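Go ahead and model the full structure; you've got the sequences and the hints to work with.
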Amino acid sequence: MAEHYKPVKYKAWEMGLEERFQEVFPPLSQREAVLEANRCLYCYDAPCMVACPTHIDIPTFIRKISTGNVTGSARTILEANLMGASCARVCPVQELCEGACVLEHDEKPIMIGRLQRYAMDYADQSKIEFFTKGKSNGMKVAVIGAGPAGLTCAGELSKFGFDVTCYERKVWPGGLSTYGIVVFREPVEVARHEAKKIEDLGVTMKTGHTVGEDIQFEDLFKDNDAVFVSIGLGSVPEMDIPGEDLEGVVDGLFFIEETKTKPLAEIQYGNRICVIGAGNTAIDCATIARRLGSERVTMIYRRSEAEMPAYHFEYQFALGEGVSFSFLTQPVEVLSTNGKVDGLKCVRMDLAEPDESGRRVAVPIPNSEFVVPCDMVIKAIGQLKHTPFIAKLGEYGIKTIKGYIAVDAKTNRTAHEKIFAGGDCIRSRGEASTVMATQDGKIAARAIYEQLTGKPIPEGTLKRTTDMTIDPTMANGCALHDHKPRVHAAATTK
Amino acid sequence: MADLSINFNGIKSPNPFWLASAPPSNSGYQVQKAFEAGWGGAVWKTVGAPVMNVCNRYGTIDYKGRKIIGLNNVELISDRPLETNLKEMAEAKRNFPNHAVIASIMVESKKEAWQEIIKRTEQTGVDGFELNFGCPHGMSERGMGAAMGQVPEYTCMVTEWVMEVATKPVIVKLTPNVTDIVQPARAAIKANASAISLINTINSIMGVDIDTFEIKPNVGGKGGHGGYAGPAVKPIALNLISAVASDEEYRKAGIPISGMGGIETWQDCVEFMLLGSTSVQVCTAVMHFGFRIVEDLIDGLSNWMDQRNFKNCTDFIGKSLPRISSFGDFDLGFQSVARIDHAKCIQCNLCFIACNDTAHQCIDLKDMKLTSEVTERLWPVVREEDCVGCALCSSVCPVDDCIEMVEIDTGRPHITWNQLIKEKPEVLQWDKMVEYREKNHIHIH
Ligand SMILES: Cc1cc2nc3c(=O)[nH]c(=O)nc-3n(C[C@H](O)[C@H](O)[C@H](O)COP(=O)(O)OP(=O)(O)OC[C@H]3O[C@@H](n4cnc5c(N)ncnc54)[C@H](O)[C@@H]3O)c2cc1C
Ligand SMILES: Cc1cc2nc3c(=O)[nH]c(=O)nc-3n(C[C@H](O)[C@H](O)[C@H](O)COP(=O)(O)O)c2cc1C
Ligand code: SF4
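Line by line, the protein sequences give chains V and U.
Each residue of the first sequence is one higher than the one before, starting from 16 at the first, in the working numbering.
Each residue of the second sequence is one higher than the one before, starting from 1403 at the first, in the working numbering.
Incorrect hints may have been included.
Stated by the list, open to error - Cross-link-like lysine-lysine pairs, in silico, DSS-like; alpha carbons within 30 angstroms at most:
#1 U:Lys1771 <-> V:Lys26
#2 V:Lys123 <-> U:Lys1746
#3 U:Lys1746 <-> V:Lys142
#4 V:Lys123 <-> U:Lys1469
As the list claims (entries may be wrong) - Okay, the calculated bits of chain U under chain V, using three or more residues with CB under 8 angstroms as the criterion:
#5 1484 to 1496
#6 1665 to 1672
Unchecked claim - With beta-carbon atoms standing in for the labels, derived distance ranges:
#7 V:Leu50 <-> U:Lys1713: 32 to 42 angstroms
#8 U:Gly1813 <-> V:Leu118: 50 to 60 angstroms
#9 V:Asn286 <-> U:Ile1748: 36 to 46 angstroms
Source of the hints: derived by calculation from the structure; they are not laboratory data.
All figures in this text were calculated on a predicted structure; none of them were measured in a lab.
A virtual CB, placed ideally from N, CA and C, is assigned to each residue, including glycine.
Written out as structure tokens, the structure reads:
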């Protein structure tokens, strides 16, 4: 049978349930990868490398794919970013490396993310041990939370020779890579395998250990030479509207987590769903709902398309998945009959003058209430901070900014010299993302090494990449690559 | 990790990768920057006779959207004063004692001139010399470069002059612009050279501007032949290197080869080494991308060696040489035929048209009913009994591993041409040849 005669299914509704939750982008074939890698110009002082928050040497890893040195390519990636397999799948590349590619204007950018995935898949399949635990220096570090920030910090410290123990509340490590990123973007196995590689580096992984419950912060503080706090964020906050406690109203993160941990066929979903919010998480909830089989999914957002925080490509993706958008709409009450959700009462909004944040304020239009019939409401309006935990840290003199842990940008050290922090729990400004969390882990690992040993980090470790990152303007998290179209010199001189 | 270091007849280098004598090794700044990037050695841009350069110096060939598949130049040897070059060589060597610094030399054909410059250069502490008998333009018109390399007697004579005074290893760099590369190689061996390097650049004209009728590269409205290098020349270089490496006299001499010509990737390096190069030199690829390409050369080679359990470069240098043979010794009974994998075939039909128009008309387009589509197109199918095994179809096929050349046993006698004409000299007559083929069921339609 000629394989290419098999019909290719582009439309989600033509696929079976399991198929709809496979990765949206198939892996590149060897030929595709080599052709694409050969398109790369191998720029010197390449802008993609600067745009990547972990400063992977992108031209080099791509060149190595083109020369068939895929092992070397994978090493180049992992040297700068131990979460290379996750980042290859989840990074908003249009906003980062690919957005900076010099070919963006004359051709089209190199598919950096997918090439990175090609090298990472190869590394995975070839089972190469790229790094090993450094010779033990007798010092101990505790890492709280095994998301991208914690795993990276733990892995890098173990390479340096520290004895690292990672405490994780959940059953599996990986943080949101394991529990939060939609499976058709990153399969659970990828995230778990990545975490396993960190364990293979000699990190002790204590899953099912909630710090503050199963083990006290005081003890970790006492028993270790340094502590890295990477607890991420918590659940979705309350909307403070009547009907919020009804059974059919769910936390978006919980909804996503189910698709990552349960057989797909067992997941409860409504047929007419309202998703509240318009960030990337909200989009994820909406597209998952569609792929599960929900017939009508409407996103409810009180401002307009222009203000919506989701990336443009996410918005496009959702539109392609058949999600509808109700902009300038504010939910005011979840309606029910006999305890079952049957509608979302909303009010229409207008945009007024910008507030101090520069965004135009949405104000309700009087007497414009209307009801969107629905049987399920998914809340995706952001994430709560782990306030009690952070309050506990306050006893050690740790400061906060808007409820996030405050750190020194060069070292990710908190106000207490033994306590470092990174990832979403410090991201008081800028976009929370896997790659930024990863970079936080690296910065902290380097600082912990230098502080505890009194020596600069060894030649060739983390150096090439982190040297570029010390940018004081990145204090407490940097905005992702500021994406402005470049103006060609030729165009301006004419 | 594998040990990449080499000992090139006394010249020690941390790895086999050297900058070829050319613009990338023009100055101390460049050579030291290259060493920092990882290059194991550098053959300094040729120094010697005073010169004046022109511009434009380079012309390049782009191939279907890819830049610089070949580069030609009308550049001369170093136009910086000799004194400056010598001073910088000394400094580079001092700062990088474990790297190989080799001085490339070219002066007029006078014994005193050669001996004098060799003695002066040796004082800088360089690890060896390379005699540039290969530059095909500008210098050759003045009786230097290729003008010496193309006449084996001159090659031998000048090498002897140098050997009389040199205490460091002397590499003779050959020009490819000769009919039989073995002759100048033997001349160098006869003069007791310590090593041979090849190839220098190939005579070429890069093109003509069809609007202005100017020659490329255009030197103020004129143009002329220049030296061709870059990826496009690699097959020529591999052939010339293998020819020298397989020569009986060269083998007896037991001296190393430094191979170059078209090297861009670590795989290219491996190929040059498998055909007998102990060190490899690179110019054009460095001019295209910078010194940094050496990182992948090192990484790629060392991963490749690790995978195969090669501990040292000597474990594989020359490993493919025993396979270099010649037509008369090929097995006439070896038969391969093309086989198309229809699961992979995308029905571009390039194989069909190539075979039908330009090979032996043994691919048919057939209704195969391989799918349930009503509109199923015809499929290319090889008539294996007629396939002569030329491999054209598999070469034009755009899909990896779709057309494979598979070996089949036809029962033909395994005999070489040399054996055949010895045993049956009558086959040199067409009627006897036909008879022989018939007897052995060899049918050519
Ligand atoms: C739905 C969703 C989709 C996303 N999609 C993308 C995307 O496409 N691309 C992208 O770049 N980013 C995306 N992000 C953001 C990205 O996932 C986060 O920025 C990143 O995971 C942050 O890493 P972290 O290590 O700081 O925190 P987390 O990944 O949140 O990990 C924190 C870990 O700490 C553990 N923990 C918390 N408290 C304790 C405690 N007291 N004791 C022990 N363990 C504790 C948690 O269980 C968790 O495992 C998405 C986020 C969400 C919610
Ligand atoms: C611009 C240019 C200048 C060169 N100058 C010299 C030279 O001065 N001496 C020399 O021996 N070879 C010279 N060469 C030849 C190179 O050393 C080398 O033999 C040739 O370029 C083949 O290698 P490549 O394909 O890697 O470029 C020159 C080549 C180029 C392209
Ligand atoms: S490469 Fe440098 S020297 Fe050569 S033409 Fe361009 S600017 Fe001038």
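Each hint tested on the structure:
For the given pair, lysine 1771 of chain U sits about 28 angstroms from lysine 26 of chain V by alpha-carbon distance, which is consistent with the 30 angstroms threshold. Between lysine 123 of chain V and lysine 1746 of chain U, the direct Cα distance comes to roughly 28 angstroms. Compliance with the 30 angstroms bound is thereby established for this hinted pair. The suggested pairing of lysine 1746 of chain U with lysine 142 of chain V holds, with an alpha-carbon distance near 28 angstroms, which does not exceed 30 angstroms. At most 30 angstroms may separate the alpha-carbon atoms for a hinted pair to count; lysine 123 of chain V and lysine 1469 of chain U meet this at roughly 17 angstroms.
Only residues whose C-beta sits within less than 8 angstroms of a C-beta in chain V count toward coverage, and the segment 1484 to 1496 of chain U has 0 of them, not enough to reach three; the restraint is violated. Proximity of the segment 1665 to 1672 of chain U to chain V, defined as three or more residues with a beta carbon under 8 angstroms from a beta carbon of that chain, is established by the 3 residues found. Restraint check, leucine 50 of chain V to lysine 1713 of chain U: a C-beta distance of roughly 35 angstroms satisfies the suggested window 32 to 42 angstroms. Taking the beta carbon of each, glycine 1813 of chain U and leucine 118 of chain V are about 56 angstroms apart, inside 50 to 60 angstroms as hinted.
A beta carbon spacing of about 42 angstroms between asparagine 286 of chain V and isoleucine 1748 of chain U agrees with the range 36 to 46 angstroms that was offered as a hint.
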